[in-house]
Amino acid sequence: GAGVSQSPRYKVAKRGQDVALRCDPISGHVSLFWYQQALGQGPEFLTYFQNEAQLDKSGLPSDRFFAERPEGSVSTLKIQRTQQEDSAVYLCASSLSSLANTLYNEQFFGPGTRLTVL
Amino acid sequence: DQQVKQNSPSLSVQEGRISILNCDYTNSMFDYFLWYKKYPAEGPTFLISISSIKDKNEDGRFTVFLNKSAKHLSLHIVPSQPGDSAVYFCAASAGQSSSNTGKLIFGQGTTLQVKP
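In order, the protein sequence lines correspond to chains A and B.
Per the working numbering, the first sequence starts with residue 1, numbered consecutively.
Per the working numbering, the second sequence starts with residue 1, numbered consecutively.
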């Protein structure tokens, strides 16, 4: 595809359910980021992948959050035992650069997955 | 602590006039700054950026100014058009930090409304 895609676009979960959010980055993009955007706020960094390696997970709010990118392409963000405070838009972004190159390459964002936990 | 702040939640301007969106930051390690534009139900899209070695970058109707001593940047849109109505996010990155992964630190956003 031409851009970053995410699925599902909307997810409603009951408190305590597990959810999995998918991100398809732009083909060939080395770097992949997950961000969480609460209502009325800017996106906040969750985790970063360079190819299949998760190099930074400092933004994950708890051990209920887990992300993977096993083949260096598609990524999945999993949230276990969802809580109401997990309700947010989850954004995925990819960029062409790797850590060894310029860090200034543009990050292309997907449309996000809006998660609502009841 | 909010390292990147956009203190104006909203801004309304008349079509054809200048829009000025402001952003302040606290982390002196930030050396690359970006503006993103976001429409409802879409992801943010890159608008313009500036490196800390510059104080101005211009791209068509959009100009970003950086004042490092004041830790302040601004986005000027001239002339403003109704299609510019969106949420604008300021973001920063500490590109030269050895531990940096290129992650972006975003402000809270400013909603711009351009009236016809």
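I should point out that these hints are in silico values taken from the structure, not numbers from a laboratory.
In this text, all values refer to a predicted model and were calculated from it rather than measured experimentally.
Just to be clear, a hint being listed does not mean it is correct.
[To be verified] Partial pick of chain B residues on the chain A-facing surface, computed with a CB cut under 8 Å:
| # | residue |
| --- | --- |
| 1 | Asn7 |
| 2 | Gly16 |
| 3 | Pro40 |
| 4 | Glu42 |
| 5 | Gly43 |
| 6 | Phe62 |
| 7 | Pro79 |
| 8 | Gln81 |
| 9 | Pro82 |
| 10 | Phe89 |
| 11 | Lys103 |
| 12 | Leu104 |
| 13 | Phe106 |
| 14 | Gly109 |
Glycine included, every Cβ here is placed at the ideal spot set by N, Cα and C.
Hints, verified against the model:
1. A distance limit of 8 Å between C-beta atoms decides the matter here; for B/Asn7 the minimum to chain A is near 13 Å, and the interface restraint is violated.
2. The interface hint given for B/Gly16 is violated, since its Cβ lies 29 Å from the closest Cβ of chain A, which is over the 8 Å cut-off.
3. Hint status for B/Pro40 relative to chain A: violated, with the closest Cβ pair at about 10 Å, above 8 Å.
4. Taking 8 Å as the C-beta contact cut-off toward chain A, the hint placing B/Glu42 at the interface holds, the least distance being around 5 Å.
5. Interface restraint check: B/Gly43 against chain A, minimum CB-CB distance 3 Å, threshold 8 Å, status holds.
6. Taking 8 Å as the C-beta contact cut-off toward chain A, the hint placing B/Phe62 at the interface is violated, the least distance being around 15 Å.
7. A hinted interface residue such as B/Pro79 counts as satisfied when its beta carbon comes closer than 8 Å to some beta carbon of chain A; here the least separation is about 25 Å, so the hint is violated.
8. About 22 Å separates the beta-carbon of B/Gln81 from the nearest beta-carbon of chain A, more than 8 Å, and the hint is not met.
9. Interface hint status for B/Pro82: violated, as the beta-carbon distance to the closest one in chain A is roughly 23 Å, over 8 Å.
10. With 8 Å as the threshold, the beta carbon of B/Phe89 comes within range of chain A, its nearest partner Cβ sitting at about 5 Å, so the hint holds.
11. Below 8 Å, beta-carbon pairs count as interface contacts, and B/Lys103 has one with chain A at about 4 Å; its hint therefore holds.
12. At about 7 Å, the closest approach between the beta carbon of B/Leu104 and any beta carbon in chain A falls short of 8 Å, and the interface hint on this residue holds.
13. A hinted interface residue such as B/Phe106 counts as satisfied when its beta carbon comes closer than 8 Å to some beta carbon of chain A; here the least separation is about 3 Å, so the hint holds.
14. Below 8 Å, beta-carbon pairs count as interface contacts, and B/Gly109 has one with chain A at about 5 Å; its hint therefore holds.
The structure shown violates the earlier hints numbered 1, 2, 3, 6, 7, 8 and 9.
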